[in-house]
Amino acid sequence: MAIISAKNIQRRFIEGKLTTNVLKGIDVEVQEGEFVAIMGKSGAGKSTLMYQLSVLDTPSEGDLEINKVCVSELTESEKTAFRLNTLGYVFQNYALVPDLSAEENVMVPLLMRGYDWTESKQMAKVAIDGVGLEGKYKNLPAELSGGEQQRVSIARAIAGKPKILFADEPTANLDTVSGTQVIDLIAAINKDEGQTVVMVTHEREYALGCNRIIHMEDGQVVSIEELNKYGRGEN
Amino acid sequence: MKSLRIGLLLGFRQIQRANFWTTSLIIFVMMLTFLNLIAVSGILVGLIAGSERAVQDKSIGDIIITPLDDEEKILQTETIRRILDTVPEVASYSIRYQQGIEITANAKTRRDFGIEPNTIGARAVGINPLAEDAVTALSENVIEGEYLNGDEAGYILIGALNLERFTAGFADITGALENVFPGDSVRVTVNGASREFTVKGIVNAKAGDVASFVYIPEKELRRLSNSASRDADEIAIRLADKTPETGIEVKSILTAQEIDSFAKVRTFQEALPKFITDIKQTFNILGTFIGAVGIIVASITIFIIIFINAISRRQQIGILKGIGIDRRAIEVAYVLQSAFYALIGSFLGVLVTYGFLVGYFDANPIDFPFSDGILVAEPIGTLYRFVILFIITLFAGFVPAWIIVRQNTLNSILGRK
Numbered sequence: 027m028a029i030i031s032a033k034n035i036q037r038r039f040i041e042g043k044l045t046t047n048v049l050k051g052i053d054v055e056v057q058e059g060e061f062v063a064i065m066g067k068s069g070a071g072k073s074t075l076m077y078q079l080s081v082l083d084t085p086s087e088g089d090l091e092i093n094k095v096c097v098s099e100l101t102e103s104e105k106t107a108f109r110l111n112t113l114g115y116v117f118q119n120y121a122l123v124p125d126l127s128a129e130e131n132v133m134v135p136l137l138m139r140g141y142d143w144t145e146s147k148q149m150a151k152v153a154i155d156g157v158g159l160e161g162k163y164k165n166l167p168a169e170l171s172g173g174e175q176q177r178v179s180i181a182r183a184i185a186g187k188p189k190i191l192f193a194d195e196p197t198a199n200l201d202t203v204s205g206t207q208v209i210d211l212i213a214a215i216n217k218d219e220g221q222t223v224v225m226v227t228h229e230r231e232y233a234l235g236c237n238r239i240i241h242m243e244d245g246q247v248v249s250i251e252e253l254n255k256y257g258r259g260e261n
Numbered sequence: 029m030k031s032l033r034i035g036l037l038l039g040f041r042q043i044q045r046a047n048f049w050t051t052s053l054i055i056f057v058m059m060l061t062f063l064n065l066i067a068v069s070g071i072l073v074g075l076i077a078g079s080e081r082a083v084q085d086k087s088i089g090d091i092i093i094t095p096l097d098d099e100e101k102i103l104q105t106e107t108i109r110r111i112l113d114t115v116p117e118v119a120s121y122s123i124r125y126q127q128g129i130e131i132t133a134n135a136k137t138r139r140d141f142g143i144e145p146n147t148i149g150a151r152a153v154g155i156n157p158l159a160e161d162a163v164t165a166l167s168e169n170v171i172e173g174e175y176l177n178g179d180e181a182g183y184i185l186i187g188a189l190n191l192e193r194f195t196a197g198f199a200d201i202t203g204a205l206e207n208v209f210p211g212d213s214v215r216v217t218v219n220g221a222s223r224e225f226t227v228k229g230i231v232n233a234k235a236g237d238v239a240s241f242v243y244i245p246e247k248e249l250r251r252l253s254n255s256a257s258r259d260a261d262e263i264a265i266r267l268a269d270k271t272p273e274t275g276i277e278v279k280s281i282l283t284a285q286e287i288d289s290f291a292k293v294r295t296f297q298e299a300l301p302k303f304i305t306d307i308k309q310t311f312n313i314l315g316t317f318i319g320a321v322g323i324i325v326a327s328i329t330i331f332i333i334i335f336i337n338a339i340s341r342r343q344q345i346g347i348l349k350g351i352g353i354d355r356r357a358i359e360v361a362y363v364l365q366s367a368f369y370a371l372i373g374s375f376l377g378v379l380v381t382y383g384f385l386v387g388y389f390d391a392n393p394i395d396f397p398f399s400d401g402i403l404v405a406e407p408i409g410t411l412y413r414f415v416i417l418f419i420i421t422l423f424a425g426f427v428p429a430w431i432i433v434r435q436n437t438l439n440s441i442l443g444r445k
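If you read the protein sequences in the order shown, they are chains C and H.
The numbering of the first sequence is the working numbering, which starts it at 27 and goes up by one.
The numbering of the second sequence is the working numbering, which starts it at 29 and goes up by one.
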């Protein structure tokens with residue numbers, strides 16, 4: 027069953043008299059529990075596509091249905107609530123609030139969802155433990171390495187058990203070892219929890235753990251590569 | 029409620045993790061702004077308050093009794109005296125007699141009648157020195173020589189404004205005696221009758237006409253003016269409790285005794301000279317205007333601080349919105365910060381005002397020509413200013429946060445314009 031269904035997604039940017047078509051009518055579906063990678067060269071439009079699919083941006087044209095909700099019809103505040111309750115995000119630059127501890131960073135979306143302080147704290151600890159950062163609950167982001175910060179970011183994204191996890195080049199700022207750890211973690215979440223994951227990446231090696239790779243070029247999907255369901259090294 | 033809770037968490041942590049010196053500087057600016065609100069208008073009002081206080085303490089007293097509008101003297105002065113003796117709230121009173129006099133300083137020494145006589149016209153006040161001192165502490169205003177004893181004769185006090193050496197610059201207009209010092213002999217003439225007096229002291233005070241009168245024991249003044257009447261020109265009353273409420277209460281007691289059919293009874297506030305109330309009104313308007321400018325400056329300061337703070341965290345704000353945090357939660361965080369700056373700044377401002385400035389200006393009043401300026405910072409006025417500053421600060425904190433938060437989420441995350 028498709029949890030994401032995008033039809034004829036277009037995104038244009040207009041600056042003065044210059045119109046740039048970044049996405050030129052993309053049709054894509056993501057099944058529930060799937061791990062999908064979006065790949066392409068710089069300027070191919072992969073991040074822009076992910077912003078549309080993750081409801082961070084609004085397509086210029088096209089229909090987008092996520093978890094049976096037609097998101098194009100939502101107001102801004104409804105989109106915010108939808109993102110909170112349905113989607114999780116892992117950003118390239120970790121995107122943690124520098125003034126909050128690791129635990130508080132994970133707690134914030136949970137508090138927003140309506141969990142009380144104690145529940146949120148407990149859930150945050152479980153999520154942080156889950157990404158292998160036991161005992162680093164009180165650390166500020168500045169006191170963590172890049173890899174650790176990204177793992178806190180993943181913990182924040184999955185703590186509330188969203189339907190879909192979006193990861194925008196999660197390894198871009200990490201060394202190889204940390205990058206591999208982060209990808210393994212995301213793959214494990216997909217495999218163990220059945221979490222739907224959509225990830226943008228440059229690195230083919232990291233994408234090999236996915237079920238499918240969507241290849242993009244010049245704002246269009248040029249091919250879809252089906253991989254072994256159980257990922258890297260087993261196809 | 030959820031937004032408030034998250035906003036408080038974000039705001040509190042931002043304050044907690046902020047650079048200590050930056051936070052201190054912002055709080056210092058807020059404290060100065062608060063002081064500007066309190067001190068500038070407080071000193072303006074204090075100029076008049078100092079003048080009012082001086083007039084109350086050194087001239088009018090807490091209640092003043094003067095002749096009815098169509099009378100020259102207070103009728104039944106002795107009856108009034110007896111009534112005053114029965115009112116427990118009255119701590120002391122001074123019955124004053126006034127008389128126009130001519131006073132000549134060189135009457136004995138002037139050999140050449142071609143030389144202008146050292147003479148001026150003045151207003152003499154006949155007093156019981158002890159009673160007057162109990163009401164107005166006139167002895168404290170003697171700047172040269174000594175105060176009058178209760179039982180001696182042949183001595184007078186001269187107000188400094190009658191002497192040329194104290195009125196340099198405007199003596200030509202007012203007329204003043206030259207080279208008069210304590211111990212000198214002067215001739216006082218009333219209705220053609222003259223008598224020699226020794227100047228016992230020089231009186232000076234920035235309060236009403238205190239420094240322009242000539243003080244003579246009342247018996248001697250009445251004798252000199254050949255007046256058998258005991259009806260006085262004014263009676264200044266000092267109350268045990270100087271509050272305006274007691275003044276009103278005692279006035280009603282006196283009115284109930286029908287004193288108002290013999291004389292006009294007014295509290296200090298009612299009897300204040302019109303120029304003082306006029307200046308007070310003007311200074312109040314001026315103080316309010318300066319205060320309003322201060323509040324505008326404060327709100328712009330806070331606006332800039334919060335705007336810079338929010339703009340530097342624009343990406344973070346975008347990410348918070350991206351992960352589903354309600355924009356109200358983010359706005360609350362910035363409003364909380366401005367509330368914190370306003371509260372701590374104002375608290376320190378209050379501490380400096382009441383812990384130092386008020387006491388300092390009371391002990392060291394600003395020396396203005398017409399009064400000794402103090403700092404007036406009434407708690408209710410301070411509270412009123414604080415509430416205004418606080419509300420405006422919250423608004424000034426909210427607006428920049430609102431501007432940044434309503435920007436496109438993705439643009440904020442990516443740092444795009």
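Do not rely on the hints blindly, as some may be mistaken.
[Unchecked claim] Once the Cα atoms are required to be at most 27 Å apart in a straight line, the calculated DSS-like pairs of lysine-lysine come out as:
(1) H:K308 <-> H:K101
(2) H:K30 <-> C:K151
(3) C:K105 <-> H:K30
[Said to hold, decoys possible] If you want the ones that stay clear, here's a sample from chain C, every Cβ over 10 Å from chain H, calculated:
(4) Q36
(5) T106
(6) D125
(7) E231
[Claimed, not checked] Here are the computed distance ranges between Cβ atoms for each label pair:
(8) H:V321 <-> C:S68: 40 to 46 Å
(9) C:K33 <-> H:R444: 25 to 31 Å
(10) H:I328 <-> C:K67: 29 to 35 Å
(11) H:M29 <-> C:E55: 34 to 40 Å
(12) H:M29 <-> C:K189: 44 to 50 Å
Since the hints were derived computationally from the structure, they do not count as laboratory data.
Treat the numbers as computed from the prediction; the structure is a model and nothing was measured.
Glycine included, C-beta positions come from ideal geometry on N, C-alpha and C.
These are the hints, each one checked on the structure:
1. H:K308 <-> H:K101: violated (31 Å)
2. H:K30 <-> C:K151: Cα-Cα ~20 Å, so holds.
3. C:K105 <-> H:K30: holds (17 Å)
4. Q36: Holds, because the least Cβ-Cβ distance between C:Q36 and chain H comes to about 16 Å, which exceeds 10 Å.
5. T106: Given that some Cβ of chain H is not farther than 10 Å from that of C:T106, nearest at about 6 Å, it is violated.
6. D125: Contrary to the label, C:D125 does not stay out of reach of chain H, its closest Cβ about 4 Å off (not over 10 Å).
7. E231: holds (26 Å)
8. H:V321 <-> C:S68: 40 to 46 Å: With Cβ atoms ~54 Å apart, the hint is violated.
9. C:K33 <-> H:R444: 25 to 31 Å: holds (27 Å)
10. H:I328 <-> C:K67: 29 to 35 Å: violated (48 Å)
11. H:M29 <-> C:E55: 34 to 40 Å: Check passed, 39 Å falls within 34 to 40 Å.
12. H:M29 <-> C:K189: 44 to 50 Å: This hint is violated: roughly 26 Å between Cβ atoms.
This entry does not satisfy hints 1, 5, 6, 8, 10, 12, going by the numbered hints stated previously.
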